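Trainee: Residue numbers (our numbering), protein chains in the order written: chain A, 1 to 288; chain B, 1 to 288; chain C, 1 to 288; chain D, 1 to 288; chain E, 1 to 288; chain F, 1 to 288.
Treat each hint with caution, since some may be false.
Identical chains share a label here; the pair holds if one copy fits it or two copies do between them.
To be verified - Derived SDA-like pairs (lysine to any residue); straight-line CA-CA distance at most 25 Å:
id: 1; residue 1: Lys279; residue 2: Asn252
id: 2; residue 1: Lys173; residue 2: Glu24
id: 3; residue 1: Lys141; residue 2: Thr89
id: 4; residue 1: Lys286; residue 2: Val253
id: 5; residue 1: Lys45; residue 2: Asp74
id: 6; residue 1: Lys124; residue 2: Ser97
id: 7; residue 1: Lys236; residue 2: Asn40
The set of hints was computed from the structure by calculation and includes no laboratory data.
A quick note: this is a predicted structure, and the numbers were derived from the prediction, not measured.
Number of protein chains: 6
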Amino acid sequence: METGTGVLPTLIILDNYLKEWLLEDIGRGDRTTQCLLNQNATEGKAQWIAKADGIVAGLPIAARIFQLLNQKIDFTVLVKEGEFCHSGTVIAQIRGSLDALLTGERVALNLAMRLSGIATLTRKYVETIADLPTLFVDTRKTTPGLRILEKYATQVGGAINHRMGLDDAVMIKDNHIAAAGGIGKAITCIRSRIPYPLTIEVETENLQQVKEALEYQADIIMLDNMKPDIIHEAVKIIRQQDKKVKIEASGNVTLETIRTIAKTGVDYISSSAPITQSKWLDLSMKIN
Amino acid sequence: METGTGVLPTLIILDNYLKEWLLEDIGRGDRTTQCLLNQNATEGKAQWIAKADGIVAGLPIAARIFQLLNQKIDFTVLVKEGEFCHSGTVIAQIRGSLDALLTGERVALNLAMRLSGIATLTRKYVETIADLPTLFVDTRKTTPGLRILEKYATQVGGAINHRMGLDDAVMIKDNHIAAAGGIGKAITCIRSRIPYPLTIEVETENLQQVKEALEYQADIIMLDNMKPDIIHEAVKIIRQQDKKVKIEASGNVTLETIRTIAKTGVDYISSSAPITQSKWLDLSMKIN
Amino acid sequence: METGTGVLPTLIILDNYLKEWLLEDIGRGDRTTQCLLNQNATEGKAQWIAKADGIVAGLPIAARIFQLLNQKIDFTVLVKEGEFCHSGTVIAQIRGSLDALLTGERVALNLAMRLSGIATLTRKYVETIADLPTLFVDTRKTTPGLRILEKYATQVGGAINHRMGLDDAVMIKDNHIAAAGGIGKAITCIRSRIPYPLTIEVETENLQQVKEALEYQADIIMLDNMKPDIIHEAVKIIRQQDKKVKIEASGNVTLETIRTIAKTGVDYISSSAPITQSKWLDLSMKIN
Amino acid sequence: METGTGVLPTLIILDNYLKEWLLEDIGRGDRTTQCLLNQNATEGKAQWIAKADGIVAGLPIAARIFQLLNQKIDFTVLVKEGEFCHSGTVIAQIRGSLDALLTGERVALNLAMRLSGIATLTRKYVETIADLPTLFVDTRKTTPGLRILEKYATQVGGAINHRMGLDDAVMIKDNHIAAAGGIGKAITCIRSRIPYPLTIEVETENLQQVKEALEYQADIIMLDNMKPDIIHEAVKIIRQQDKKVKIEASGNVTLETIRTIAKTGVDYISSSAPITQSKWLDLSMKIN
Amino acid sequence: METGTGVLPTLIILDNYLKEWLLEDIGRGDRTTQCLLNQNATEGKAQWIAKADGIVAGLPIAARIFQLLNQKIDFTVLVKEGEFCHSGTVIAQIRGSLDALLTGERVALNLAMRLSGIATLTRKYVETIADLPTLFVDTRKTTPGLRILEKYATQVGGAINHRMGLDDAVMIKDNHIAAAGGIGKAITCIRSRIPYPLTIEVETENLQQVKEALEYQADIIMLDNMKPDIIHEAVKIIRQQDKKVKIEASGNVTLETIRTIAKTGVDYISSSAPITQSKWLDLSMKIN
Amino acid sequence: METGTGVLPTLIILDNYLKEWLLEDIGRGDRTTQCLLNQNATEGKAQWIAKADGIVAGLPIAARIFQLLNQKIDFTVLVKEGEFCHSGTVIAQIRGSLDALLTGERVALNLAMRLSGIATLTRKYVETIADLPTLFVDTRKTTPGLRILEKYATQVGGAINHRMGLDDAVMIKDNHIAAAGGIGKAITCIRSRIPYPLTIEVETENLQQVKEALEYQADIIMLDNMKPDIIHEAVKIIRQQDKKVKIEASGNVTLETIRTIAKTGVDYISSSAPITQSKWLDLSMKIN
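Work out the full structure: start from the sequences and follow the hints.
Mentor: Structure representation (structure tokens):
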């Protein structure tokens, strides 16, 4: 995949969210706009403008937000989803019913600003290791209610998605290991009960655990919070035995450390930073 | 109000959100936990620990998230909502069904980390002008779907809430003014149609607009993106005529500029920074 | 605002209600119509006729009800929303799929009859004091589930809306005063915690309370169940001190008493009578 | 059934409505109560008092409304559902969390006042013909969203319910007859397609139609808007041929006309008056 | 009604179900199709083919499922709803957006296969007694969530529907009789409280109960699990007294026994076999 | 996993379904039970009895259905979930409010009968190959709305679940291959865009396709509708190259053919037969 292409959720999934979000802001009615324009079908034009440098994400979703208020709104995107834009760039032009433009403005901007902020920081991580084979992946640390869209934004930024929820892959953490009485027992028990196409990832804290995960044929071994030299050692041990098991490093991943970690040879580096450490990208709407 | 007290939404409002957020993560089932502990009522204990310095917010909501999975979960908060905690502080202790602890962990932490991050940055803004009479207020730039909780977090941080949506106050912006053909016409038209207890705020860009808003008896005059000396001039003009109209400054509000703006004598300074510029406060859960 | 113009809620708010109401009547299927016309696309024409004299309200919403059953229904309104109609007036013409006409008839009529009844009685109150500066306002005594539409109907009838719910303005009543330990304490506590554009109204029962509300700068003072001469006295006291605080009278408001109350000089008189004392305006549908 | 016993809907049906209605009033939060009592578990006591003479209905539902806000609210009903109460009667005592009492008050009272108003007027109609064998029944003219509760109220008032919606019985009206090409064709077509336990009622406008409905074995024959002597004639014709078919009169039913109509010997008289012509019964809540 | 015509539920009822079912399968996104065709508007054509002999039912609903994913899908049905098709018959042709075809395929086929299986077995029962006056009816044994569609399928197969739920007719079973203290008491109590157009059916186990049901004027008498000669005897007893009461036989109804039961002269034979004993009719979709 | 242990979905997922299903049957009210027992808190006892031999599944869910009507219902399961029961076995005892027992009976039985029927047929398939290493898996051919419970039932019957929906694994079918221009291109494109823990299965129709899927490192290769000797050949080719790729056979799987297919050495045999070919297991409830 070329950097910056995200897979948009289908409308049948999105629309329920977008309607809820519009209703959250509108409440019992947009007093300002409706009292001013009541039953008065004025048309208007508007531009969306980037007010800071960054990767723009979420414009097709912003378009849909306006269209849920008025089917005939024409929202023309002027930049590619995932494109880097300089401050001042006109990124979209909108034309249609003025009340829909005014009522939908805040929700649409809020969403696009949040997603663009995520995509922008994601891109920085991705570019830092772009020449290396290691891939950058996201996590389940996402804002409640925005999982699929925030993960869409990390994808637009160039990341690979990790599992989307508790049900599309297994992740065995320290507490599960403790409850099961060891990595082997946990894998065996879970393997027998899950849908068989699902993969099992084990979070390991030391080389001993890495070996146990390997012995019980985990599909993915996560090296959690290990020092780079230990990670390197773990990669060697794993690759001697198994060419296919995927290796993921996690913990203490920053723009400063990521390149060192990538050079250990792990397949994936996961980090919640694009979600938890990013600021919103400033965008604004100007009505002509 | 002492700094840091937020007004928690009633459960009948909250529960619908919290259930949606749990289902977003769980999907068709928590494969790891359920396959391991299926119908096995193991009890467990856990601690929540701050991994960074900051203001903690959202613990009563985190408690409710676990209780929606299992009514009998005991979530004991060990710090005051809105209290500054150093990294390493144990902020809560949880006791109850192990599967509820494991399945609810991520959603509860995600929410509390986001809210605590907002409260932490809000507090910095608030403290910068704490000795001045000017109050710090939030905006409608909030993450879609989280409006009431993010505004709860700014309140915990010490901010005053601005309007909660498009329906509990009027805000006349440049586009409304243009559509109405002037500030006076906009105020007159809207005043005649809104629920009468609602207040009308006008966003002004220059002193001419300030005077027009004053003449038509706006309840709140927002001075948008004005330089401090112009703000000061505007405050003088307004106060000469009217003691009660509220004056709000907005635009270019940073930790560096806020004190200068506050000294102009405005009543309120609004900023979306605590929402759009904050990082999540790192919290983690450790099962004993 | 010219008498009789209401601000229609946006469709994104209305549609959820209208669908629920159609489903309430249809249940598992309109046995009569569907068994007769099953998959048989007969077209039909119908008229809506006023069967009594009154103010007609809700026709744009009735139109939408039919359109939710069949997008192509053409519902042409023949009178102005809020216009007084004599019995026998044809108020709308409808053309389209016969099964949608028959299945939607009852729900659409029920709603329009209820709203027209409210608008009709509201108009009587409004006209009684039309030459005086006092305005007539509604209350929160509305049929559960119909708040925004019943308040739309009072607006069509010429009333001003009071607050729409518990969240867009504060109303401090006797019980709140008792719980807080006095009007002053209640205002101070609440003022510090509400969104700052919200106004605070205090319900007062005597002149002593009026003075306390005034001292603590309530935005609206309600004079509850006071005799006209006491109301007059209260208005004098308030206006001596404050030109801007709004004064509302409430209690024992009937078509007989309202003029006397208005002459005391209060700004607003609130009454639930248009909602709680009105009968439905009889409307019927005749298929040609 | 003794007069005044209604069959309460099960909670699994009611709760969805009641929650919606609470949220309609609360919106984003009860600013007054929550800002005053935030996280402060004050207990309170209150009384419900009738402020006018009438039949009280809906108290068990009012109780549930409070309990949805706080499970532990104790709402003790002091009069029998359907009992006639004089103004001043204390009809219920409530004890529990003060914030739940204050937040739920309006919704609970609004519902009970509406239902009691319906029951009160229903009872007048019922008593007018209480010594005759004819029964008084309601119609589908009900407030959108309140069908099952308004019909519960007519039952409490002593009426018999007519069909609850478009799906639990067939009613062939003039428009259906026209579409089918006659009463006979309409009955035959519909009879072949409906669930077989359902009954078919035909609305007739003259004796010719009565005979046709009889010939095609309608289960119920409605005599619509006929003069008493024609009704009497119709009853004779029908009873000569069929002992079991039910006869219903409808149209122009008032407290003045109902006795005359009943004396024609019809089995049922239907009227929407208790729903469309009733005023709310005034009830109030007093916190001690 | 000609054999095989079902009355399709209106779209306002159906759409909520169909959207839920699509979301059940899609979850957070159709990974295969969306990752392949992301934002790439390829058009496609497909055929639906019967892979076994049987009655086809549900094609108009399948069409709607695709259209909820993409309004422009053209789904052309090539056989009559309820028509017997031989294996290999092309029953529909579809044209439109390829991603909608691929994403909707499974849900649409699952539903149509289930409904066609039901219609196919229903038809066998119906044809076995087609020359006799007795009619074949379904029951409330239906798959949770599919009541209206499974009953639509039995209707397409030629059956008459029994009641659709607990609310559109009364069925007094042994447990109700026991609770009431006899058939007579149960009928009397229930008759006084139900909507008056509803009918009362009594489940009887012996001739004594038949006589009691008859005496108290049950509308429908069900002869439950009786031997054919007892059924015959019951029919005689009932018909001597009452020409109109409907007689239903139930229990031990198989393709082998149904003809014998029908010959006893009962009006209706009810059986859940078409729902509980049928296999899905194999249908498949082939994209060209 | 011992045969017959299913992983029950958490209540937060289940309850929404169960409430919908109760409301589907109850509609506007259980006329029979409520009119008989209105507000009369009679207690009752009941037994659930198997009326045919089979595997019982779904009893914990049946228990929950009753408890949603009345929290205090005690539903004691007397057999193990997944246990084979002979006709006549008492499988559960219930005690509690009689109206909840009567109102919930049909929905609870319908669900348990359907799930038990599925588990019973699943077990037959599983036992036929129980001595061989091949595992039996289900498919996405499930009744709309019942996916998680029907797959729970196949698990109770001893099957392994295949993917639960379109989002937890990738399945590349002929149409996807055609759209992509080959198996290799399809795998490459999808691999780059999916969450990385997800596996990719390719449906192959001949040995050429098997080799291509192998070359592009599909995680699972499905041999679709191949003859046993071709399957055997495919297994040999695959195992020579890759020890870890999973091999699934599908198509023409019956109780007669499954053993022959299993002996080819495939890892999994998938079949929809337990869902599409099973009859409901007859269960009944007897109130004491």
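Trainee: All hints, please: hold or fail.
Mentor: Verification of the hints:
Taking the shortest alpha-carbon separations for Lys279 and Asn252, both the intra-copy value of 19 Å and the inter-copy value of 16 Å come in at or below 25 Å. With identical chains, the CA atoms of Lys173 and Glu24 are at most 25 Å apart between copies only, with a shortest distance of 20 Å across copies and 36 Å within one. In this assembly of identical chains, Lys141 and Thr89 lie within 25 Å of each other by CA distance solely across copies; the values are 21 Å between and 31 Å within a copy. In the homo-oligomer, the alpha carbons of Lys286 and Val253 lie at most 25 Å apart only across protomers (21 Å), although the nearest pairing inside one protomer, at 38 Å, exceeds that limit.
Taking identical chains as interchangeable, the C-alpha atoms of Lys45 and Asp74 lie at most 25 Å apart only when both belong to the same chain, with a minimum of 9 Å there against 29 Å between chains. In this assembly of identical chains, Lys124 and Ser97 lie within 25 Å of each other by CA distance neither inside one copy nor across copies; the values are 38 Å within and 36 Å between. For the identical chains of this complex, Lys236 and Asn40 are neighbours neither inside a copy (70 Å) nor across copies (38 Å), given an alpha-carbon limit of 25 Å.
Checked against the numbered hints above, the structure breaks hints 6, 7 and satisfies the rest.
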